[in-house]
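Chemist: In case you want the letters, here they are:
Number of protein chains: 2
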Amino acid sequence: MDCIFCRIVEGSLPSRKVYEDEEFLVFHDIHPFAAVHVLIIPKRHVESLQSIKESDEAMLGRLMALAPRIAASLGLESGFRTLINSGVGGGQEVFHLHAHVFGGEGSVRIPT
Amino acid sequence: MDCIFCRIVEGSLPSRKVYEDEEFLVFHDIHPFAAVHVLIIPKRHVESLQSIKESDEAMLGRLMALAPRIAASLGLESGFRTLINSGVGGGQEVFHLHAHVFGGEGSVRIPT
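Chains as they are written, first to last, in this note's numbering: chain A, 2 to 113; chain B, 2 to 113.
Think of the hints as simulated: they come from the structure by calculation, not from any bench.
As the structure is a prediction and not an experimental result, all values here were calculated from the model.
Take the hints with a grain of salt, since some may be wrong.
[What the hints assert, rightly or not] Partial pick of chain B residues on the chain A-facing surface, computed with a CB cut under 10 Å:
#1 S52
#2 E55
#3 A73
#4 L77
#5 N86
#6 V89
#7 G91
[Unchecked claim] Listed next, the in silico DMTMM-like pairs over lysine to aspartate or glutamate satisfying Cα-Cα at most 25 Å (straight line):
#8 B:K18 <-> B:E106
#9 B:K54 <-> A:D57
#10 B:K44 <-> A:D57
#11 A:K44 <-> A:D57
#12 B:K54 <-> A:E24
#13 A:K18 <-> B:E24
#14 A:K54 <-> B:E55
#15 B:K54 <-> A:E21
#16 A:K54 <-> B:E11
#17 B:K54 <-> A:E94
#18 A:K44 <-> B:E55
#19 A:K18 <-> A:D30
#20 A:K44 <-> B:D57
#21 B:K44 <-> A:E58
#22 B:K54 <-> B:E94
#23 B:K44 <-> B:E11
#24 A:K54 <-> B:E21
#25 B:K18 <-> A:E106
#26 B:K44 <-> A:E55
#27 B:K18 <-> B:E78
#28 B:K54 <-> A:E78
#29 A:K54 <-> B:D22
#30 B:K54 <-> A:E58
#31 A:K54 <-> B:E58
#32 B:K54 <-> A:E55
#33 A:K54 <-> A:E94
#34 A:K44 <-> B:E58
#35 A:K18 <-> B:E58
#36 A:K54 <-> A:E21
#37 A:K54 <-> B:D57
#38 A:K54 <-> B:E94
#39 B:K54 <-> A:E23
Heads up, the beta-carbon is just placed ideally off N, CA and C, and yes, glycines get one too.
All chains, please: the whole structure from these sequences, using the hints.
Modeler: If you want it as structure tokens, here you go:
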């Protein structure tokens with residue numbers, strides 16, 4: 002199995018786990034760009050937003066709905082950002098769908 | 002009605018529309034930070050990821066699944082980024098849920 006996130010899910014690679022349920026795993030990014038920076042991933046291997054099927058939509062909704070709960074549990078009551086990079090041209094480096102949830106002091110400032 | 006995105010939905014404020022269906026509207030950001038930069042919004046007023054309910058999860062899934070279709074239609078075949086800012090501390094400026102979909106030359110580089 003070549004997917005490092007699948008290996009984290011199965012436990013053969015370590016991670017600093019924040020949350021886990023049957024469908025999702027949340028762990029700290031190893032290269033954080035904010036005071037708080039975690040990744041939410043589906044345990045099932047889904048490559049990217051570019052490869053999702055209609056049958057993945059409900060999972061995507063649950064994944065995004067998990068973000069504010071995770072952010073609040075990590076002390077980001079005043080707010081947080083959720084970023085999904087898709088494809089090489091979109092900065093995706095690990096081809097297992099993941100949402101970056103980050104915030105707090107030291108955040109990268111992204112113009113909005 | 003004080004929400005500028007609700008006013009865009011109802012047509013009393015203009016926008017450069019990219020896509021529309023019964024549930025969502027997609028239009029160009031007026032302050033783009035990438036060659037391509039659009040916003041996907043639900044037509045129904047939802048404030049933020051911080052205020053979503055379980056009954057909003059399906060809508061969120063459909064919103065995220067729309068992103069790759071919109072990106073491809075705008076020429077971002079090699080990839081794109083999807084960003085949702087939530088709360089004042091998360092850089093949210095308009096309190097009507099919106100996903101930034103952006104990419105192409107001139108993209109802000111966000112470390113990943």
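Chemist: Does each hint fit the structure? Answer for all of them.
Modeler: Tested hints:
1. S52: holds, 8 Å
2. E55: holds, 7 Å
3. A73: OK, holds: A73 of chain B within 10 Å of chain A, min 8 Å.
4. L77: Given a least distance of 7 Å, the restraint on L77 of chain B holds.
5. N86: holds, 5 Å
6. V89: holds, 6 Å
7. G91: holds, 3 Å
8. B:K18 <-> B:E106: holds, 21 Å
9. B:K54 <-> A:D57: Answer holds: K54 of chain B to D57 of chain A is near 19 Å, not above 25 Å.
10. B:K44 <-> A:D57: Holds. K44 of chain B to D57 of chain A sits at ~22 Å (cutoff 25 Å).
11. A:K44 <-> A:D57: holds, 13 Å
12. B:K54 <-> A:E24: holds, 19 Å
13. A:K18 <-> B:E24: Violated: K18 of chain A and E24 of chain B sit about 36 Å apart, past 25 Å.
14. A:K54 <-> B:E55: holds, 22 Å
15. B:K54 <-> A:E21: holds, 20 Å
16. A:K54 <-> B:E11: Distance of about 31 Å is beyond 25 Å: violated.
17. B:K54 <-> A:E94: Not OK: K54 of chain B and E94 of chain A at ~31 Å, beyond 25 Å, violated.
18. A:K44 <-> B:E55: holds, 21 Å
19. A:K18 <-> A:D30: Roughly 10 Å separates the two Cα atoms, so the pair holds.
20. A:K44 <-> B:D57: holds, 22 Å
21. B:K44 <-> A:E58: holds, 18 Å
22. B:K54 <-> B:E94: It holds: about 21 Å lies between the C-alpha atoms, which stays within 25 Å.
23. B:K44 <-> B:E11: holds, 9 Å
24. A:K54 <-> B:E21: holds, 20 Å
25. B:K18 <-> A:E106: Outside the cut-off at roughly 35 Å; violated.
26. B:K44 <-> A:E55: Given that 25 Å is the threshold and the Cα spacing comes to 21 Å, the pair holds.
27. B:K18 <-> B:E78: Measuring from Cα to Cα gives roughly 20 Å; hence the hint holds.
28. B:K54 <-> A:E78: holds, 17 Å
29. A:K54 <-> B:D22: It holds: about 19 Å lies between the C-alpha atoms, which stays within 25 Å.
30. B:K54 <-> A:E58: holds, 17 Å
31. A:K54 <-> B:E58: holds, 17 Å
32. B:K54 <-> A:E55: Satisfied, since the Cα-Cα distance of roughly 22 Å is no more than 25 Å.
33. A:K54 <-> A:E94: holds, 21 Å
34. A:K44 <-> B:E58: holds, 18 Å
35. A:K18 <-> B:E58: The given pair, whose Cα atoms are some 24 Å apart, holds under the 25 Å limit.
36. A:K54 <-> A:E21: holds, 24 Å
37. A:K54 <-> B:D57: holds, 19 Å
38. A:K54 <-> B:E94: violated, 31 Å
39. B:K54 <-> A:E23: Holds, because 20 Å separates the two Cα atoms, which is no more than 25 Å.
Hint violations for this structure: numbers 13, 16, 17, 25 and 38, all remaining hints satisfied.
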